[in-house]
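Novice: One-letter residues, chain by chain:
There are 2 protein chains.
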Amino acid sequence: MTVTLPSRRTLATSAERRLNLDNINPHVKAAKYAVRGELAVKAEEYRVRLSEGDKSLPFDSVIFANIGNPQQLDQKPISFFRQVLSLLENTALLEHPEALRTTFGYQQDVIDRAKVLLADVQSVGAYSHSQGAPVIRNSVAKFIEERDGFSANPQDLYLTGGASSGVSTLLNIICDGPSAGVLVPIPQYPLYTATLSLLNAQCVPYNLEEEKAWGTDVNAIRENLSRAKAAGTDVRAIVVINPGNPTGASLSAEDIKGVLDLAAEEKLVVIADEVYQTNVFTGEFISFKKRLRQLQQEVSGKYDNVELVSLHSVSKGMVGECGHRGGYFELVGFDPEVAAQVYKYVSIMLCPPVIGQCLVELMVNPPKEGAPSHELYQKEYNGIRDGLRKRAFALYEAFQRMEGVECQEPQGAMYLFPTITLPAKAIEAAKAENRAADEFYCLRLLDATGVCVVPGSGFGQKENTLHFRTTFLAPGTDWVERIVKFHSEFMAKYN
Amino acid sequence: MTVTLPSRRTLATSAERRLNLDNINPHVKAAKYAVRGELAVKAEEYRVRLSEGDKSLPFDSVIFANIGNPQQLDQKPISFFRQVLSLLENTALLEHPEALRTTFGYQQDVIDRAKVLLADVQSVGAYSHSQGAPVIRNSVAKFIEERDGFSANPQDLYLTGGASSGVSTLLNIICDGPSAGVLVPIPQYPLYTATLSLLNAQCVPYNLEEEKAWGTDVNAIRENLSRAKAAGTDVRAIVVINPGNPTGASLSAEDIKGVLDLAAEEKLVVIADEVYQTNVFTGEFISFKKRLRQLQQEVSGKYDNVELVSLHSVSKGMVGECGHRGGYFELVGFDPEVAAQVYKYVSIMLCPPVIGQCLVELMVNPPKEGAPSHELYQKEYNGIRDGLRKRAFALYEAFQRMEGVECQEPQGAMYLFPTITLPAKAIEAAKAENRAADEFYCLRLLDATGVCVVPGSGFGQKENTLHFRTTFLAPGTDWVERIVKFHSEFMAKYN
Numbered sequence: 001m002t003v004t005l006p007s008r009r010t011l012a013t014s015a016e017r018r019l020n021l022d023n024i025n026p027h028v029k030a031a032k033y034a035v036r037g038e039l040a041v042k043a044e045e046y047r048v049r050l051s052e053g054d055k056s057l058p059f060d061s062v063i064f065a066n067i068g069n070p071q072q073l074d075q076k077p078i079s080f081f082r083q084v085l086s087l088l089e090n091t092a093l094l095e096h097p098e099a100l101r102t103t104f105g106y107q108q109d110v111i112d113r114a115k116v117l118l119a120d121v122q123s124v125g126a127y128s129h130s131q132g133a134p135v136i137r138n139s140v141a142k143f144i145e146e147r148d149g150f151s152a153n154p155q156d157l158y159l160t161g162g163a164s165s166g167v168s169t170l171l172n173i174i175c176d177g178p179s180a181g182v183l184v185p186i187p188q189y190p191l192y193t194a195t196l197s198l199l200n201a202q203c204v205p206y207n208l209e210e211e212k213a214w215g216t217d218v219n220a221i222r223e224n225l226s227r228a229k230a231a232g233t234d235v236r237a238i239v240v241i242n243p244g245n246p247t248g249a250s251l252s253a254e255d256i257k258g259v260l261d262l263a264a265e266e267k268l269v270v271i272a273d274e275v276y277q278t279n280v281f282t283g284e285f286i287s288f289k290k291r292l293r294q295l296q297q298e299v300s301g302k303y304d305n306v307e308l309v310s311l312h313s314v315s316k317g318m319v320g321e322c323g324h325r326g327g328y329f330e331l332v333g334f335d336p337e338v339a340a341q342v343y344k345y346v347s348i349m350l351c352p353p354v355i356g357q358c359l360v361e362l363m364v365n366p367p368k369e370g371a372p373s374h375e376l377y378q379k380e381y382n383g384i385r386d387g388l389r390k391r392a393f394a395l396y397e398a399f400q401r402m403e404g405v406e407c408q409e410p411q412g413a414m415y416l417f418p419t420i421t422l423p424a425k426a427i428e429a430a431k432a433e434n435r436a437a438d439e440f441y442c443l444r445l446l447d448a449t450g451v452c453v454v455p456g457s458g459f460g461q462k463e464n465t466l467h468f469r470t471t472f473l474a475p476g477t478d479w480v481e482r483i484v485k486f487h488s489e490f491m492a493k494y495n
Numbered sequence: 001m002t003v004t005l006p007s008r009r010t011l012a013t014s015a016e017r018r019l020n021l022d023n024i025n026p027h028v029k030a031a032k033y034a035v036r037g038e039l040a041v042k043a044e045e046y047r048v049r050l051s052e053g054d055k056s057l058p059f060d061s062v063i064f065a066n067i068g069n070p071q072q073l074d075q076k077p078i079s080f081f082r083q084v085l086s087l088l089e090n091t092a093l094l095e096h097p098e099a100l101r102t103t104f105g106y107q108q109d110v111i112d113r114a115k116v117l118l119a120d121v122q123s124v125g126a127y128s129h130s131q132g133a134p135v136i137r138n139s140v141a142k143f144i145e146e147r148d149g150f151s152a153n154p155q156d157l158y159l160t161g162g163a164s165s166g167v168s169t170l171l172n173i174i175c176d177g178p179s180a181g182v183l184v185p186i187p188q189y190p191l192y193t194a195t196l197s198l199l200n201a202q203c204v205p206y207n208l209e210e211e212k213a214w215g216t217d218v219n220a221i222r223e224n225l226s227r228a229k230a231a232g233t234d235v236r237a238i239v240v241i242n243p244g245n246p247t248g249a250s251l252s253a254e255d256i257k258g259v260l261d262l263a264a265e266e267k268l269v270v271i272a273d274e275v276y277q278t279n280v281f282t283g284e285f286i287s288f289k290k291r292l293r294q295l296q297q298e299v300s301g302k303y304d305n306v307e308l309v310s311l312h313s314v315s316k317g318m319v320g321e322c323g324h325r326g327g328y329f330e331l332v333g334f335d336p337e338v339a340a341q342v343y344k345y346v347s348i349m350l351c352p353p354v355i356g357q358c359l360v361e362l363m364v365n366p367p368k369e370g371a372p373s374h375e376l377y378q379k380e381y382n383g384i385r386d387g388l389r390k391r392a393f394a395l396y397e398a399f400q401r402m403e404g405v406e407c408q409e410p411q412g413a414m415y416l417f418p419t420i421t422l423p424a425k426a427i428e429a430a431k432a433e434n435r436a437a438d439e440f441y442c443l444r445l446l447d448a449t450g451v452c453v454v455p456g457s458g459f460g461q462k463e464n465t466l467h468f469r470t471t472f473l474a475p476g477t478d479w480v481e482r483i484v485k486f487h488s489e490f491m492a493k494y495n
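Quick mapping for you: the protein sequence lines, in order, are chains A and B. Every letter in the first sequence is one number past the one before it in the UniProt record's numbering, and letter 219, counting from 1, is 219. Every letter in the second sequence is one number past the one before it in the UniProt record's numbering, and letter 345, counting from 1, is 345.
Where hints are given, some of them may not hold.
What the hints assert, rightly or not - Examples of chain A residues toward chain B, derived with CB under 10 Å:
#, residue
1, R18
2, V116
3, T477
Stated by the list, open to error - Some chain B residues flagged as far from chain A (calculated, every beta-carbon gap over 10 Å):
#, residue
4, N20
5, V28
6, R49
7, L85
8, H96
9, S123
10, V124
11, A398
Unchecked claim - Straight-line Cα separation of at most 27 Å, BS3-like style, residue types lysine-lysine; simulated pairs:
#, chain 1, residue 1, chain 2, residue 2
12, A, K344, B, K431
13, B, K344, A, K42
14, A, K344, B, K32
15, B, K42, A, K344
I should point out that these hints are in silico values taken from the structure, not numbers from a laboratory. Just so you know, these numbers come straight off a predicted model, no measurement behind them. Beta carbons: idealized from backbone N, C-alpha and C, even for Gly.
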């Protein structure tokens, strides 16, 4: 029998408790993370109300366009990946290969791959090496070599629980106290500012150039760097998100060189967040590692000591397996003694999820041409890629129809980040609610349509500009039309 | 074609690099984590050498008795768990229920459970709510209610990537700077001291009483607390590991009351690490939550404001699925504003691995009596439990045969933590190598036998005592005999 205690016990005041908002870690309190903030919480409340049959809302579904969560929306997992994972989870299935093939359509390469991975990890229920299982790191190294044309060493690779935990590890190593600073693009994925807040380190922002398709302007970075140094900040690293989040922008070889020049001259560690490397619509993805190695070949000396870390993940791309929390980072040019500290740091949390590690292996080593699973894999992969592109452009075209909305042509990642120009009356109404104008707009959008997006202020934006970030993952066009209709009514109301 | 660059590029000196051992985060540098330290690295090197056919070593296998990693050794996963997980990974399997039943022996409750979980998480590849999927938290709350006889609220539950990440979250919230202190048992699982180092907070140690079967002595805790307070430390919390790691000790109702009295009187948050709650050989496991609720019923007022957090995990017990990184913690009596900060903190890392969350659900809600999978589940569960007990006592008996080794009778967890008394000459030999004597002993043991254990200094021990921690997970008795033989030769050499 379960006893529920009298409620007086929940009536303790903050002052009576040991922990309250005024005495916990102030750096946790200071951290901001809008992607899962007030709007997301409200959207979830609406979802629950709808699922409980509430008919009082002016929409019949909630669209979570606030977060790059492909499989929450339309995206189906890639069969080859999930077939292998099912065998890793239940190795007893391997005892009946004939039934796997005939009834369930598992190809021989699915079965073979599961056996290779099991030979290395023993069981996905066992801890692995803290840097990740050796065979999986070998595959990642091979993938990087093939992508870039330059060698990669498995010992420099660290598998992670999604790229987020990798970023956290790296910033924990790099930041040595309140004077340490890291250059972060604006707009940015708020993981960076939140983690720097937690570490009580300085975010040194640099603006991306919206009018130049959200590219980098190295001169502007230099200016901000000088200003930060003059103010006593010990700037140690620069974050580049390529392709960009929330902007979707893909950097050119020249832009990347600009950042590497700066890194070499100013001795900055480069943190290259490359999780959207396969989500590229225009141009091609060039990794920072490849560009660095090219420059090291071309120019003697200058780039030799550049320290670079590149992050990747199973969460994005055509994989979209964010719930599995898999990823890796590669250290390039790091001091071995520092790398040993990175190892110690990650070993405290023992190891990243082993099934997520296996998924990293499958992502970097998919069925090759001629392999039994190749055709289905390629079909599914292309289907996801084409669907993303189609939805991105449909959304972009809708934005073009909207008064006061300007948007760069989709380039990559999973997001659009349009500028919105709001009427003065709307800005006043926001002030009256003590809110940023873009936040006010996004809240009204959610209340009216069930579509959840994130205000630009959650990522940072140039002063006196307003934006919002939306994914283009949700299926169909109904939700896009909801936005169009809301926007025109909103503008009419406040104009 | 892959280009390997000339090696001069790896010859940059520490001083030329941006990051070196002298300028990275000093708190990372200060952190110690022996479970995966020098000995573990050396053991892994031996394992690789053996696997490559090296015949020069005096042993033919490495026994990783340094870490509670059951499935790396003999322990098989529980079939019901893995069957459900295989369906979650590949939902296409659900399209052929007949083949699942007849060829693969999946019972109907396996299929049903997979469908219930999928209805909640949608896909194990999608991010979940940052606190964990709602249906899974409901199951955990029900489990706690049935275990304790007191109500539990799913909103107070936070699913985690193993208990380790939960501990990290909590200490990040609690510690507000260098004067913050947390009482930690000695010996302890080094996650606590390592995380406090990272946070630059104070570890306030309190000794467990080896002669009282590693129980707590509240008077001794009080003394240490007073001393720490007098030295200016703001002691905020007390960690209790029950059943103990590395000691295996199970606390009595009276011991638990003693800690709760102290917490109530001194306003300390209680962090109850209860991951070994099903690994109990003698007596019964009593949760801190249950004892707290009992005291709140029995005594008016005194315990009303106690803040307690209890942690659990899929890594230990008869589950042993540490590679899946699943766990949870429950906040009891916390200020809702503080709980909101915990939510924000965990949301920065998005969500714990979803397949690990599903495994938490299966652990807390296994097939009940009468359910089709119950019999097999119970048989496997009991088999693991009995095997652990048998191996624990076999190891204990071996220790009793060894000169200068004293060991408490096995009580629980997965470890024994014997005291060793070493000859003066051995202690001198250790000093000559600039090593602690227990570390010296464990290194010689590894070099001679391939058995990897962790020196007591990795967990902390009373001054002038020496210990080591060994798991009792490895199958067979050969490795135990290797230890016995080594020990007698070691003692002969240094006596």
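Novice: Does each hint hold? Answer for all of them.
Specialist: For each hint, the structure was consulted:
no., hint, result
1, R18, "5 Å, holds"
2, V116, "15 Å, violated"
3, T477, "22 Å, violated"
4, N20, "5 Å, violated"
5, V28, "5 Å, violated"
6, R49, "14 Å, holds"
7, L85, "4 Å, violated"
8, H96, "5 Å, violated"
9, S123, "4 Å, violated"
10, V124, "5 Å, violated"
11, A398, "25 Å, holds"
12, A/K344 with B/K431, "25 Å, holds"
13, B/K344 with A/K42, "15 Å, holds"
14, A/K344 with B/K32, "8 Å, holds"
15, B/K42 with A/K344, "15 Å, holds"
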